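Keeping their order, the protein sequence lines are chains D and X.
Going by this note's numbering, the first sequence opens with residue 7, and the numbers climb by one from there.
Going by this note's numbering, the second sequence opens with residue 153, and the numbers climb by one from there.
Check the hints yourself; a few may be wrong.
[What the hints assert, rightly or not] So, partial list: chain D residues that the calculated Cβ filter (under 7 Å) puts toward chain X: (1) L26; (2) I41; (3) W58.
Bear in mind the hints are in silico, worked out from the structure with no lab data behind them.
As the structure is a computational prediction, the values presented were derived from the model and not from experiment.
Glycine included, C-beta positions come from ideal geometry on N, C-alpha and C.
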Amino acid sequence: MAIEATKIVDARGTACPGPLLAAKKAIGEIKSGDIMEVLSSDEATKRDVPKWAAKKGHEYLGTIEESGYFKIYMKKN
Amino acid sequence: MTLALFSGSLDKLTAAGVILGGAAADDMDVDLFVLLQGARAFKKEIGDDPNKLEMAEYPGLKAEFLDSLKTLKVKSWIEFFREAKELTNVKIHICGLAGKIWGGEKLEDFVDIADDICGIGEYIESAQNADVHLFI
């Protein structure tokens, strides 16, 4: 089943903590139950963003590796 | 979190900025105390001008460090601090003694992200009450 993201945050090309802060800003702009997709080319983000999402009570849905970047999905609590 | 920022060097200020970014993502309250050498960088005429700041580590590799930051699109230390202040409760206190050492008596002598000028007692109290205490 395809995941439909309400919000796509393109943080490709920024280094840590850029994608994490982009995710933090964007999650405030969506509603509870909405799905956010974070695009990042930063390897550290692949670990950081899911951990951050879980700590903040959001549901981490998974990560898809594309060529040269990652797509990280979460559902807002 | 309480952060004692003793260093006024380009590399350590950048590290402090990245750490503040992490704290901001986590919605932490941060009290940052700018001590001795740190206060020099907070002077209005210094700020994030890389030509006016030195490296604490690898002083000979400043140009390489700055080039890498630019390539990686890493913000300047002040931009990191400002972004963290926008996202979470970060209060920046300039040590009164440190300010005087570098010729800053009033809050207006320092960059606009500074919140107040304080004494060491406030730092000690903050450190006693903090879950996380860093000295940079």
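*Taking the least C-beta to C-beta distance, is D:W58 closer than 7 Å to chain X?*
6 Å, holds
*Answer holds if the nearest beta-carbon of chain X is closer than 7 Å to that of D:L26; otherwise answer violated.*
5 Å, holds
*chain X contact restraint for D:I41 - C-beta distance below 7 Å*: 19 Å, violated
In summary, the structure is inconsistent with hint 2 from the numbered list given earlier, while agreeing with all the others.
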